[in-house]
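Produce the entire structure from the sequences given, and follow the hints as far as they go.
Chains G and E, in that order, are what the protein sequence lines are. Positions 1 to 331 (the UniProt record's numbering) are the ones given, in order, by the first sequence. Positions 1 to 333 (the UniProt record's numbering) are the ones given, in order, by the second sequence.
Do not take every clue at face value.
[As the list claims (entries may be wrong)] Which residues of chain E face chain G? A partial, calculated answer using Cβ under 10 Å:
id	residue
1	156
2	167
3	228
4	270
5	276
6	310
7	315
8	318
9	320
FYI, nobody ran anything at the bench for these hints, they're computed from the structure. Because the structure is a prediction, the values reported are computed rather than measured. Even glycine gets a Cβ: it sits at the ideal position worked out from N, Cα and C.
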Amino acid sequence: MFGYIIRRLISGVLVLLVVSVSVFALFFYGPSDPALAYCPETRCTPQRLEAVRTSLGLDEPVVQQYTDYMAGIFTGNDFQLGSIAIECPAPCLGVSFKLRLPVTEYLISRFPATLSLALGGAVIFLTTGVGMGIMAARKRGTGTDKGIVGVSLFINAIPYYLLALLAYLFLISQWAIFPESGYYGPFTEGPLAWVKGMLLAWLVIGLSYSTQYARFSRGSMIESLNEDYVRTARAKGLSERQVTLKHGLRAAIVPVVTIFGLDFAYLLTGTIFTERIFGIQGIGVTALDAIGNKDLPVISATVLIAAAFIVVANIIVDIIYSVIDPRVRLT
Amino acid sequence: MGIQPTEMPESDITEQEPTLVRQEIAGRSPIQIAVARLKQDKIAMICLAVVILFALIAIFAPLLTKMFGVEVDAGSPSKDLDQFNFPLIGPPDHGFTWEAPLGLAPNSGDDNLAEWFYGARTSLIVATVSTLAATFIGVAIGLVAGFSRGWVDKVVNFLIDVFLSLPFLIVALAISPIIVTRFGNKPQQLENWQFVSLLLVLSLFGWMLLARLVRGEVLSLREREFIQAARVIGVPTRRILFKELLPNLIAPIIVSISLGLPAFVTAEAGLAFLGIGAVGKPSWGQTIDKAVPFFNTYPLYLYAPVLGVFLLVVALNLLGDAVRDAFDPKTRR
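Given below as structure tokens:
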């Protein structure tokens, strides 16, 4: 087990290294000169451009630039742009071209919105999805089962952004059934404002993701309810509720946990469509804005962080898998 | 438990006879079985009809626009629009007119119906080409990895991990302009390069799951007797790969294609909605993006492309699900 975790960690670090090198190469060999962004267009003389290049370290060889960037993550970096000095403390992922802010600080300020979105959505889709799955599995073959399967197939087939867009346009913009969406800090502006602003976005994420969980948990629940130990539990005279929840669900929840880990990691990397449609200032919209502004440090930082989330989630899922399913032994 | 003798009704011999003809046992390939099952599936057949309809619209888009007497990119803001940049004819203010059945676009005055027809075309071309490219890459890489095992397999697995950990939307949105400015330095080529970059990005991020699937299948197939037999009698590796292994992978490949198409249609429209993609070519996603601000005053402008994406993707998705079920011997419908 321990050896397995170490090996997974090493391969995870390797994946992140390759991602960082390719992102660095792509964006820094890319077409737009990073120095131009610091050089005001109307007053940009060649000397000035050269000075910006030197201060950003862009005149150094690429390998040097890359190692500087990576070292900055652990030790921090300071940038001197003419008269402006920007301090970039320890997990330094560069300085934003447009905002002249350390990227890390900027992203951390945007993260609570994305985290709220992911948490609320996950609670809804996990409970309704797994609940519907269990219900369908217990009433297998009946109208309830067919209804749940049919509806979840249909909702699953609809592109997510159309669902979100139509929900926003009709339920908020036109009929005003839901309050205007947006992110409000639960501690600074009160929990009520927080829930109000997120409500519809949560519901849309919940609805769209829960279909997948309903189908998934239905499938594995049916499988586990057919196992011998479930029959034994029934024969012992346990109540139907105990049989399903304690004996059936314990085995059936394993595959659900694996997909949940990855889904949650993807949600944390920023749901661009949700954030854009509902006007929530999270990581996704930040990345989108950065792409519009050609703000390379912000883009590469979001890609790197997203990759890190996914790699870590993968490792955690594998470890949890072995903990909750006694049949799985990691070697 | 004994067999209960039941009273058989006396039947007419002449009527019985045809059913007594022994049913011929016919060998059927998995594909034949799947097609037969698919034909039984009413929803799948309706979806297939919808998909064929969209394919016909895409193929005959030029003919259809001519038939309706409309044109793409033919709007002129000064001639067709009023001072608020709203169309002078047709919806939303002037009722239905055959001159522009779906109305004109605000700001540009382009004809919505023509844009819609050509949007179907862009959508399906992008989806088809990228599905084929992604399938080709996935099968090739999966075959090589599974068959050669060893370090090649390790490298491929690692590559799959790297690609899967990249956030698709952000990378696609960031790479696309890079490809365009790198290669499309001549203005007349720009439009083509935007199209190519979209196809590249989509197929570059669409191959991993199929590759993983094919690799797994090949890993188990290569230990089977028929492969060993082929090796012993000296069949060249190329022949083993394409004549022995590939035919056994047809089912997962077809399923992956049929589920890949809707995913690519969704991705194309989604990227266009976020502001990249085939700029310069009509695309439903772009129209949706442009139409959202006009939702309260001119809803039809938004409904047309939304309905296009919705119908096409839902039909393709449900068809894909049915194809997957048809190939899966475990499901009984």
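These are the hints, each one checked on the structure:
1. 156: 13 Å, violated
2. 167: 4 Å, holds
3. 228: With Cβ-Cβ at 28 Å, over 10 Å, it is violated.
4. 270: 6 Å, holds
5. 276: Where the cut-off is 10 Å and the nearest Cβ of chain G is about 8 Å from residue 276 of chain E, the hint holds.
6. 310: 6 Å, holds
7. 315: 8 Å, holds
8. 318: With Cβ-Cβ at 5 Å, under 10 Å, it holds.
9. 320: Since the shortest Cβ distance to chain G is 9 Å, the answer is holds.
Of the hints listed earlier, those the structure fails to meet are numbers 1 and 3, in rising order.
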